[in-house]
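Peer 1: Kindly generate the complete structure, drawing on both the sequences and the hints.
Quick note, the sequences are listed as chains A and B, same order.
Following full-length UniProt numbering, the residues of the first sequence are numbered contiguously, the last one being 224.
Following full-length UniProt numbering, the residues of the second sequence are numbered contiguously, the last one being 224.
FYI, nobody ran anything at the bench for these hints, they're computed from the structure.
This structure is a prediction, so every number in the text was calculated from the model and none was measured.
Just so you know, nobody snuck in bad clues.
One copy or two, either will do: identical chains are not told apart, so a pair holds if it fits within one copy or between any two.
Derived pair list, reagent style SDA-like, types lysine to any residue, alpha-carbon separation capped at 25 Å:
#	residue 1	residue 2
1	Lys178	Ser152
2	Lys148	Val189
3	Lys148	Ala166
Residue-level listing of the chains:
Number of protein chains: 2
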Amino acid sequence: MTTTQVDQRVSLAVSTVIFALRPDPSTGRQTLWLPLVRRIREPYEGKWALPGGPLEAHEDLAASARHTLERTTGLGDSYLEQLYSFGAVDRSPDRVVSIVYWALVRPDEDARAIDGENVEWFVADDVPDLAFDHDDIVRYALDRLRAKITYSPIAHAFLADEFTLAELREVHEAVLRKSLDPANFRRQVLAGRTIEPTGTCLTGTSHRPPALYRAAARPEEIAR
Amino acid sequence: MTTTQVDQRVSLAVSTVIFALRPDPSTGRQTLWLPLVRRIREPYEGKWALPGGPLEAHEDLAASARHTLERTTGLGDSYLEQLYSFGAVDRSPDRVVSIVYWALVRPDEDARAIDGENVEWFVADDVPDLAFDHDDIVRYALDRLRAKITYSPIAHAFLADEFTLAELREVHEAVLRKSLDPANFRRQVLAGRTIEPTGTCLTGTSHRPPALYRAAARPEEIAR
Numbered sequence: 001m002t003t004t005q006v007d008q009r010v011s012l013a014v015s016t017v018i019f020a021l022r023p024d025p026s027t028g029r030q031t032l033w034l035p036l037v038r039r040i041r042e043p044y045e046g047k048w049a050l051p052g053g054p055l056e057a058h059e060d061l062a063a064s065a066r067h068t069l070e071r072t073t074g075l076g077d078s079y080l081e082q083l084y085s086f087g088a089v090d091r092s093p094d095r096v097v098s099i100v101y102w103a104l105v106r107p108d109e110d111a112r113a114i115d116g117e118n119v120e121w122f123v124a125d126d127v128p129d130l131a132f133d134h135d136d137i138v139r140y141a142l143d144r145l146r147a148k149i150t151y152s153p154i155a156h157a158f159l160a161d162e163f164t165l166a167e168l169r170e171v172h173e174a175v176l177r178k179s180l181d182p183a184n185f186r187r188q189v190l191a192g193r194t195i196e197p198t199g200t201c202l203t204g205t206s207h208r209p210p211a212l213y214r215a216a217a218r219p220e221e222i223a224r
Numbered sequence: 001m002t003t004t005q006v007d008q009r010v011s012l013a014v015s016t017v018i019f020a021l022r023p024d025p026s027t028g029r030q031t032l033w034l035p036l037v038r039r040i041r042e043p044y045e046g047k048w049a050l051p052g053g054p055l056e057a058h059e060d061l062a063a064s065a066r067h068t069l070e071r072t073t074g075l076g077d078s079y080l081e082q083l084y085s086f087g088a089v090d091r092s093p094d095r096v097v098s099i100v101y102w103a104l105v106r107p108d109e110d111a112r113a114i115d116g117e118n119v120e121w122f123v124a125d126d127v128p129d130l131a132f133d134h135d136d137i138v139r140y141a142l143d144r145l146r147a148k149i150t151y152s153p154i155a156h157a158f159l160a161d162e163f164t165l166a167e168l169r170e171v172h173e174a175v176l177r178k179s180l181d182p183a184n185f186r187r188q189v190l191a192g193r194t195i196e197p198t199g200t201c202l203t204g205t206s207h208r209p210p211a212l213y214r215a216a217a218r219p220e221e222i223a224r
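Peer 2: Structure below.
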């Protein structure tokens, strides 16, 4: 734990993968997007990179990730979780270890997003060639999200507090990029007991308005 | 990513939680143990701590964790996975972020363990008051292992390549600290398709020797 000469040559950054669901420009179906930042200095000047920066001495890790989320999107209270730390010796010209968080943005939050001039949103499965090992990090985050949505209620992080079963299924379909059978999906979700009926229905013009549900556990309490 | 004055004040350590199954001294039943290292300098001189040390500039994260595993136990090829990074501002008198790995040691490997003079093994649920936030880290690792064993085949990391269903159940019982019904356990494990029969039986004196199984997926391929 002592700070040595060798130790000081490793610096520490915190980056954040921010996923939101938005329509795919070609198909119109919901798909995963994420914001990237164009680098304005070397190394990799001009390349797109995940938003983030050096960890400051007075900030803890999640605070650093949340500041990045705020700077990049204008949002402060989205679901945020530590994803993984990337530390390959050759991942940067300097020796930098990046601790990566991911944030999952709800549609009502996303509407308030403020894009900075060097920030642009991309379809997550179709990002340009990124700086550092950030391509690997995006791929890791996508793989992890697609695995985790099958065994945890993390999909709720993309939804408002109350949602219909169709809305929940559409989140699964957007993340997994495939259609799911509505009856099977309904049966599996209800068996998992991760949601509970609110006792109310979606108001609208329908003669058979769909029932509303809410999460039985907050996303923060999801087992990793 | 630029190394700044502020950035250099954060140093980086890699620590490793090494779990092995050994008999509980009071009950004789298998339970989780882990090795701790007595600190020989400030801060926390004389306290027990997780094995680890500063990340060296030429080492990647997993290599650092594996070197700690080797130094602490004499073992090199156990299951090793990144667990979490701990970076609260006040977790150490200096600002140190610890990236924590866990290693799961198989019984045949454990037999070769070499204990250094400052290393001692403790029952994981009954460790003394540890240095830094290492109590929190041990608790986090135990919680994570107990959650993960319910949805992933991570128990295989504690077993030899071939094992009986009873041996697999005993690993689950030791990790979860509760008895499991053998018939229910058998049904659930076989339904999960994480193991496959080897086609052979345990040789011995029994008239009905139990069938041997092996993992259908290597622990390294387990979804996190």
